[in-house]
Every structure is written in C-alpha cells, then in structure tokens.
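Residue numbers (our numbering), protein chains in the order written: chain A, 1 to 121; chain B, 1 to 110.
Treat the hints with care, as some may be off.
Said to hold, decoys possible - The calculated lysine-lysine pairs, modelled on DSBU-like cross-linking and capped at a C-alpha distance of 35 Å, are: (1) K83/A with K55/B; (2) K47/B with K13/A; (3) K77/A with K68/B; (4) K102/A with K55/B; (5) K78/A with K55/B.
Unchecked claim - Label pairs and their calculated CB-CB ranges: (6) N58/A with K55/B: 20 to 30 Å; (7) P57/B with G44/A: 19 to 29 Å; (8) S69/B with K77/A: 37 to 47 Å.
Everything labelled a hint here was simulated from the structure, so no lab data went into it. Backbone N, C-alpha and C define an ideal beta-carbon position, used for all residues, glycine too.
The chain contents come next:
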Amino acid sequence: QVQLQESGPGLVKPSQTLSLTCSVSTDSMTFGNFYWNWIRQPAGKGLEWIGRIYTTGNTNYNPSLKSRVTISIDVSKKQFSLKLTSVTAADTAVYYCARGDKDDTRPADYWGQGTLVTVSS
Amino acid sequence: QSALTQPASVSGSPGQSITISCSGTSSDVGAFDLVSWYQQRPGTAPKLMIFEDTKRPSGVSNRFSGSKSGNTASLTISGLQAEDEADYYCCSYAGVRTWVFGGGTRLTVL
C-alpha cells in the first residue's frame, strides 16, 4: 500500500513563493520506480497537472507553469517538494501529490488527501 | 497545451447508462492510447477508474468502461447507481512528457 501526505503553509502572500512537501509511505523499491506528481484544483474548478519528478531527479513541467515551478526530491526521506514562485490569487487551490507509472500508463494512481493553499495578503 | 473538452454536466436515472465524452486533438487524445478517467466525490481526492483508454484498475466495477474514437474518448457507466454521483475527469498524455486534464463533468443520478 502507498500513502502520500502533503504538508506546508496554508497561506502565502502574493508575489511570494509557495512551498509544499509530499511525504510518501512505501518501501524504497516502490519509491524508486515511479514518477511523483503535483496536481492542483482551484475551488469549484478542474484539475491541473503541474509537473512530476523521477527518483533520478528528472523533471517534467506543465508548459504554462514551467517558468515558475521547481520540483525536487529527497530519495532518502521518500519526500518530494514543490516550489511555485511569484504567486497570485490565481494560484489559490487544493494541491495534491500523486504517484504515476514510469511507463506513463497511469498518470496518477495513488493520491494524497490534498492541502489547501490560499494566496492572500 | 489546452484542457480537454468535457460536457459540464450529465444526468441519468438509476439503472440507466450514461456516457461522458472527452474531446482532444491529434496531439494528445488521438495520438496516444493513454487516456485515463478519474472519479472525484466532494471533498476527496480523485480516484483512478480507467487507464490506457479502456483498462480498469483492480477493484473498479465493470460497470465502468472506456473507449476512444479518433480525438474523442468516452467513459460509459452502465447500471447507474446513486453512489456514482460525482465529478469525472479525463486525462491524456500530451506528448513531451506532459499530461493534460479535461474540465470535468458533474454526474447527477436522478
């Protein structure tokens, strides 16, 4: 079984950097053989794929967010992180972390419960 | 990279079948056999229902089925039940190691 848990500040000021961490409960072999994704959902709206990272550190980002996003990974801690710079109210959303197959068959099968981040002064 | 197009809402009565469409382009839905479908109940994380256009993960009811024709994928739910009421999202591989979601469809069971 795989469990994911997001953590980080629930309130971020405009123009600042949003930082979240996802802690994964699973064995090391499983952690090392999947992609790890960030996905967000503004209130009442649809899902938006932000990006993903493999345990090698290889990353892929949504082109519309690429200039502001950095995803990193700490394999020893089985954690991966999201940084989103220069945030505005439009970045207010529930942020999910999720596991994805490395062969791209299942973009996200296990999900965290999500964490609400509000951008406001 | 634009969001995939889904109807905002669909509805059906218990026991009926409904189909939700997901329209993309020849660069995403039509280019790869990698469309997934997610069910999201209020206040919860999405749940994977279909992957690789037509495959069901273990534990997902066989009342859920996926199909695709050209640039449009579809999710069909047969024998509609009250518990199927939820939001449904399609997701497609969009090439260059990226993914794109649809705008979501709210299913109401009458």
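| Violated hints - listed by number, lowest first | Violated hint (a single one): 3; every other hint is consistent with the structure.
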